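Visitor: Put the complex together from the two separate chains, hints included.
Chains as they are written, first to last, in the numbering used here: chain D, 1 to 143; chain E, 1 to 187.
Check each hint, because a few of them may be wrong.
What the hints assert, rightly or not - Below 30 Å or equal to it, Euclidean Cα-Cα: the simulated BS3-like pairs (lysine-lysine) are:
1) E:Lys50 / E:Lys139
2) D:Lys113 / E:Lys59
3) E:Lys102 / E:Lys133
4) E:Lys59 / E:Lys49
5) D:Lys113 / E:Lys107
6) D:Lys40 / D:Lys71
7) E:Lys133 / E:Lys50
8) D:Lys113 / E:Lys102
9) D:Lys113 / E:Lys60
10) E:Lys59 / E:Lys139
11) D:Lys67 / D:Lys134
12) D:Lys67 / D:Lys113
Stated by the list, open to error - Derived contacts from chain D toward chain E, CB cut-off under 10 Å, selection only:
13) Thr82
14) Gln105
15) Leu116
If you are wondering where the hints come from, they were derived from the structure by calculation, not from laboratory data.
Note that the structure is predicted; figures quoted are calculated from it, not measured.
Where is the CB? At the ideal position from N, CA and C, for every residue including glycine.
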Amino acid sequence: MSSNSYFVIVGTRDNPLYEAEFGPASRGDGGGHQKKDEHKHLNQFIVHAALDVVDDLMWGTNAMYLKVVDKFNEWFISAYVTASGTRFMLLHDAPNQDGIRNFFQDTHELYIKTLLNPFTETNATLTSPTLDTKIRALARKWL
Amino acid sequence: MSQQATRSSSSHAKRPPILERNLAKGRSNEVSLSALAFLFCEMLSYATKKSSGIQDMEKKLSDFGYRVGLRTLELIIFRDRPGRRDTRLLNVLTFIHSTVWKTLFGKPADALEKGTDNEDEYMISDNEPNVTKFIAVPKEMSQLSCGAFIGGIVEAVLDGSGFVSAPSDFTPRTKVSYNVYDLGRQS
Numbered sequence: 001m002s003s004n005s006y007f008v009i010v011g012t013r014d015n016p017l018y019e020a021e022f023g024p025a026s027r028g029d030g031g032g033h034q035k036k037d038e039h040k041h042l043n044q045f046i047v048h049a050a051l052d053v054v055d056d057l058m059w060g061t062n063a064m065y066l067k068v069v070d071k072f073n074e075w076f077i078s079a080y081v082t083a084s085g086t087r088f089m090l091l092h093d094a095p096n097q098d099g100i101r102n103f104f105q106d107t108h109e110l111y112i113k114t115l116l117n118p119f120t121e122t123n124a125t126l127t128s129p130t131l132d133t134k135i136r137a138l139a140r141k142w143l
Numbered sequence: 001m002s003q004q005a006t007r008s009s010s011s012h013a014k015r016p017p018i019l020e021r022n023l024a025k026g027r028s029n030e031v032s033l034s035a036l037a038f039l040f041c042e043m044l045s046y047a048t049k050k051s052s053g054i055q056d057m058e059k060k061l062s063d064f065g066y067r068v069g070l071r072t073l074e075l076i077i078f079r080d081r082p083g084r085r086d087t088r089l090l091n092v093l094t095f096i097h098s099t100v101w102k103t104l105f106g107k108p109a110d111a112l113e114k115g116t117d118n119e120d121e122y123m124i125s126d127n128e129p130n131v132t133k134f135i136a137v138p139k140e141m142s143q144l145s146c147g148a149f150i151g152g153i154v155e156a157v158l159d160g161s162g163f164v165s166a167p168s169d170f171t172p173r174t175k176v177s178y179n180v181y182d183l184g185r186q187s
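So here's chain E without its partners, still in its complex pose (with noise of 0.2 Å):
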């Protein structure tokens, strides 16, 4: 997912079966963020049809993002770190904010910053998420933040690295926020 050049005509090719495509990263495997972003359009209005309220939509659309988040981790420490994992939790953060976030959309996190309030409270912010660059909200749903997505994501390299997290607050548009909780497990 990137934001650069299309692909080119390979689409009508043959693929080869997925467990003989390769994994390292190459003009191939990037999608232009039109698609993407009509990509995203129908799962929002998918979701739309099929969730009650707000709330549950900010669910559906937080599951869509687990679903992606825990193969973009596996896919992202291969391609980078091969044979390291991160262990602890600032760590874990760091990757989140640069390296995921710039595998995916293209650019480094805006900030990173620990919540005054709460102890285990951390904030990513991220001033123009390019996914949800496109998307208009009627006012009736003002309060439903299309972050939920890039939310789910973050969730899930969390919970993949053995952080157990629980999403705070989206802030349309901008912050996406978590209270992480590890389970005692650094010293």
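So here's chain D without its partners, still in its complex pose (with noise of 0.2 Å):
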């Protein structure tokens, strides 16, 4: 419930189609909150990084929910794969398998019925803000 994550949805030519970070309500000290701003940019970094191994690994099993990918450092990446090949990437510090899973298939779900709308184009960036709400509210319920 606490863990910080970043969540990223990555559409099928490797770009990110939602982006979001999740982590504790409040940031009292001056001096976290700058050590936090320093490793923004990685987070999309290291998630471009584990695409390679989701890569590898979604055409030899048939489950939508792959665990654990990569590792960086103290981070682990996980990932689940959409039947389109749509890829939802989680960066996060603690590992929580049943949370991770449980949030991964109701955004899943946010997905198609956003997909289900036939002006969103595909590969196209979500930008609804009641799609971030939801999901936001997820991320509080499972993370």
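Guide: Next comes the structure, spelled out in structure tokens:
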């Protein structure tokens, strides 16, 4: 519930469709805040590097939830692949398999609902504020 | 998209926003065949107006079908096999032949065959596709097959599952046949 996480939905062309960061609500001390800002841009690189591993693993198994696929320093990367090749990546520091699996499944359902809108183009960024609110609520519930 | 009975009076009620609707199958998600046929007619006349020839029109219909197919793939997998996806070509083809056809058209496709002259050619046949049941093709466009729409759906399902495919032939009224190139991923 209190771990820091960074969640990305990656399209089939390795482009991020949606990004969000979750973490503990309060950031009291300025020192801690600064440290987190330094690592923010690294998150994209770490997830991008993990995409290669996901690409290898996704053809080996029938499952959608590929648990922890990569590790970087103290961060773990978990992945989930949908039927049409969209990848959901979560960068987190505390492994919590069940919660993460449920989070991915609920987010997948929201993604399908967004996709059913005929005005969303494939591989388009998902900018709906309602979607954002819902994903954050799911993150608070499961992570 | 199914052949069963129509929706009731809920069409006038305020619908919940898209992210709060239920994805599970149910009576409220079914549409009548007449509504579908009407929509398809309009799609065809739109495509006729905007395109310059038969090839172009088939491509347009195929594009329409592609957009439907992507969403269909995700939705069917979500409803029928949550948490598992197909990685092998034959499984995907069988999936299309039975589940996709049954969900979209109410009955499984009539046959799934492997082409004899070409290693990577497969054919899915449907003797009476119900989207084209009410379409009459004029003589000067007899080369046209409205099955291009269905072909687009199949192409999207194959594409989404990771197999590159190119339609090789739409025999009017019956077969949809595909060259499927598997990029060496399966053993």
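Visitor: Determine for every hint whether it applies to the structure shown.
Guide: Tested hints:
A hinted pair counts as satisfied when its Cα atoms are at most 30 Å apart, and Lys50 (chain E) with Lys139 (chain E) qualifies at roughly 20 Å. Distance check on the hinted pair: Lys113 (chain D) and Lys59 (chain E) sit about 27 Å apart at the alpha-carbon level, within 30 Å; holds. Between Lys102 (chain E) and Lys133 (chain E) the CA atoms are separated by roughly 17 Å; this keeps the pair inside 30 Å, and the hint holds. At roughly 14 Å between alpha-carbon atoms, Lys59 (chain E) and Lys49 (chain E) fall within 30 Å of each other, so this suggested pair holds.
Taking the CA atoms of Lys113 (chain D) and Lys107 (chain E), the gap is about 25 Å. The hint holds against a cut of 30 Å. A threshold of 30 Å between alpha carbons decides the hint, and for Lys40 (chain D) with Lys71 (chain D) the separation of about 17 Å falls inside it, so the pair holds. For the hint pairing Lys133 (chain E) with Lys50 (chain E), the CA-to-CA distance comes to about 23 Å; that is within 30 Å, so the pair holds. For the suggested pair Lys113 (chain D) and Lys102 (chain E), the alpha carbons sit about 21 Å apart, so the restraint of at most 30 Å is met.
With a CA separation close to 25 Å, the supplied pair Lys113 (chain D) and Lys60 (chain E) stays within the 30 Å bound. At most 30 Å may separate the alpha-carbon atoms for a hinted pair to count; Lys59 (chain E) and Lys139 (chain E) meet this at roughly 20 Å. Between Lys67 (chain D) and Lys134 (chain D) the CA atoms are separated by roughly 23 Å; this keeps the pair inside 30 Å, and the hint holds. With a C-alpha separation of about 24 Å, the suggested pairing of Lys67 (chain D) with Lys113 (chain D) holds against the 30 Å cut-off.
Taken as an interface hint, Thr82 (chain D) checks out: its beta carbon lies about 6 Å from the nearest beta carbon of chain E, inside 10 Å. Taking 10 Å as the C-beta contact cut-off toward chain E, the hint placing Gln105 (chain D) at the interface holds, the least distance being around 7 Å. Interface restraint check for Leu116 (chain D): the shortest CB-CB distance to chain E comes to about 6 Å, inside 10 Å, so the restraint holds.
Hint violations for this structure: none, all hints satisfied.
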